[in-house]
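Colleague: Chains as they are written, first to last, in full-length UniProt numbering: chain A, 1 to 471; chain B, 1 to 471.
Worth flagging that the hints you see were computed from the coordinates, not collected in a lab.
No false leads were slipped in.
For chains that are exact copies, the list does not tell them apart, and a pair is met inside one copy or across any two.
Keeping only pairs whose Cα atoms sit at most 20 Å apart, straight-line, the calculated SDA-like set for lysine to any residue is:
#: 1; residue 1: Lys435; residue 2: Gly25
#: 2; residue 1: Lys147; residue 2: Ser136
#: 3; residue 1: Lys437; residue 2: Gly25
#: 4; residue 1: Lys435; residue 2: Arg21
#: 5; residue 1: Lys437; residue 2: Met364
#: 6; residue 1: Lys147; residue 2: Ala106
#: 7; residue 1: Lys435; residue 2: Asn28
#: 8; residue 1: Lys202; residue 2: Ile168
#: 9; residue 1: Lys437; residue 2: Asp23
#: 10; residue 1: Lys202; residue 2: Leu231
There are 2 protein chains.
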Amino acid sequence: MSEETDWAPDAGAALDSGGFRDDDGRINALWMERLRAFLEAGRADDVTTVVGPLHHSDTGDVLEQLDHNERLALVRLMGDRFDFSALTEVDESIRLEIMEELPNAAIARGVAGLDNDDAVSLLEDLEPHDRNEVLSALPTFERLSLKRSLDFPEDSAGRRMQTDFIAIPPFWTVGHTIDYMRRERDLPDEFYQIYVVDAAYKVLGTVPLDRILRSLRGTPIESIMNTTLVLIDANEDQEEAARQFERYDLVEVGVVDENGRMVGVLTVDDMVDVIQEEADEDFRLLAGVGDEDVSDTTVDTVRSRVPWLVINLFTAVMTSMVIGLFNATIEQMVALAVLMPIVASMGGNAGAQTMTVTVRALAMRELDGGRLRRLIRREVVVGFVNGIIFAILIGVVTALRYGDVQLGAVIAAAMIINMIVAGTAGILIPLTLDKLKADPAIASAVFVTTVTDVVGFFAFLGIAGLWFGLF
Amino acid sequence: MSEETDWAPDAGAALDSGGFRDDDGRINALWMERLRAFLEAGRADDVTTVVGPLHHSDTGDVLEQLDHNERLALVRLMGDRFDFSALTEVDESIRLEIMEELPNAAIARGVAGLDNDDAVSLLEDLEPHDRNEVLSALPTFERLSLKRSLDFPEDSAGRRMQTDFIAIPPFWTVGHTIDYMRRERDLPDEFYQIYVVDAAYKVLGTVPLDRILRSLRGTPIESIMNTTLVLIDANEDQEEAARQFERYDLVEVGVVDENGRMVGVLTVDDMVDVIQEEADEDFRLLAGVGDEDVSDTTVDTVRSRVPWLVINLFTAVMTSMVIGLFNATIEQMVALAVLMPIVASMGGNAGAQTMTVTVRALAMRELDGGRLRRLIRREVVVGFVNGIIFAILIGVVTALRYGDVQLGAVIAAAMIINMIVAGTAGILIPLTLDKLKADPAIASAVFVTTVTDVVGFFAFLGIAGLWFGLF
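Whole structure, please, built from the sequences with the hints as guidance.
Modeller: Take a look at the structure:
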């Protein structure tokens, strides 16, 4: 029975606590209420009874729902029974908030029980001084292995890797390998393949577990191993690694250092998080919200958003100066001021559409060779076609509203120009940023709207001025 | 030395064809040139020699880079040597384009060699008539298993599942199980766990492969199986299934029908694609570009974008009518027309920031209970603080530019109002759509900018009219 519990799958543990999530997958409100009551009353054992059996990912969700004091109460009341891997599942701001309040000795005890990759993701956020204090409180072997991971650059494969893996020599048989695994107590928690290495820990091949199970005991490992290898450099960016997982449907991959020595493995569950984060990042960058979390403080949020708004203020003032050039024109015909935002707004939206498609295609590396030329051509044509469609629509509406066919023709002409410009800018701006090695998601939006605003106002007011002889 | 090359670290099979990808991970231009020459010359064997060894994901990338005629030439020249699973890796429009040109008999031969989930994803795009013709050309067992999967709703777990899996009775030992796997020829290609089922195929437990390898031959399977199970209903939406994978770090999970009978398995590689698509979808919906691919035709692209632009035209006209209310005011003071887009644009951007954070938090199910209240409060406060900051900035700039402190005060007041409204609308609009069971990504952007435009223009022109007594 106790063995049963040992083997209990993390994933299922949530189910043990009965009614933890409702049908929509949200945490049960009654469950939370009970936990809050226990926390308030300081009933450490009851807190442990309800939180203890949860999967660390569920514990993370619970922490995110609690407020600052409740979170600290939970961690303090559970003490050494708190599973620190839950901290890898919460927003960075919450993680830091909790770790700052805990004594380094408590962090060291918590980190000691974690997988290498989880421990690294907690330690990398700490101040250097605290980090060193925690590290020096750890057993030698763990300290060295964590230090080694932390030496790799931020967001590299080396930071995300798990350093426990099974490496065997090529001359073993399937039988040897199975016996070794039955005997050895110090195996990784979960693994999907075995690595065949030479004496210098250079990887010679990999063997998926199912292949070992299908082969007879006498089969030499060398004869069943994969020799066309996918290996990832520990210094490589985690996004690049995630792209390999996605492209080749990988579940686990070996990580090697600059000398080709195997130092760890990356597993797909960590890469899923990276893929999610990457898509999210583009999303946020386009809107200028940096790497904000919903649990960030007001001050952090203001700080993260102001720079983007300042840039927008500059471009808005610039746009306004373009309008200012036509002061006299507007004075003679106020209808122009009323209509001009329509041209700018339509251009802005069309530009955003093209830009979104381009930014995502760049992020997914979909724009090789011929596809790029086709995409540019298509976007310009789409801009032209949409320009015609909306020129007719707005032209007719304007002519009817003001009983002035000429005004309708002017706005129609401006619309066609701005829609073509929108399509062109929507694709060329992100492409140029990409060529300049800047992240196209970060600055495209502001450039594209500036272009469509300026061109929209300029074309409309300019054509009107010429047409009606208002200059 | 040649052995060295075989094992060089980077995407497996791709290497066999020598320099298939360059350092940036893009397909080598020279490689493509050579392939194009072979295709043009109709050299079937050479085409097969260079494309054959590629991973199907790489073949998919190659297909995407070719133009329409080259794609067809490739598939026709390779004939039965073409791996149809490459078609699961290309944009839907390209997939359909190729399948439409192929005779159904050729599709049937190609599909017969595929895993069940890949076959389903090709067949589900076909017209019912073609689909039935392909199905009836397949061997009975495959036909029935595919039909069964196709009976599940679109985008359900049942459509994405693999129907090959290993199920054993609970009374077997580890030894029995290993012997069975050594003996049985008809096993799935790759698998990560074994399912323990009763006579009615109801799942009793799961055993990860590493656990079998660590246990002695005499160990009863029942004593080492996981009994707290995560199972997915075949009718469940694939996004919900993907969320489970993400939350619980799963690699493989059993799929059961409405009677609790095990019918298949989902693996993490398919879920990675779903996670990617889901994030992507929100991204595209916000910009109003639907589920476009970069390889869509011009006509499809126009068709997908026009509806969004029509909505935007309506709201732009509405906004323009709000400005029209202040015709007389603008006539008396043209500076208002020059300045008004600044207030609207700043509000639009601030609103987009809040909206982006909210839409993503809703998609990730991060807004349970207390966090929601905190987020609303934070966004309103952030709007107020940013309002003050930018009110001062633009107020000073305006006062200096026009030498008119009063005009500066008016634009400052309008800015504060619009920034608070932006924060409030940016969070309440997606929340309301979510409550109404609409996808908040799809319509939030247009509502939020309409609100910030209308309020921006109205507040600025209205305050100016009152202040300067222009009504």
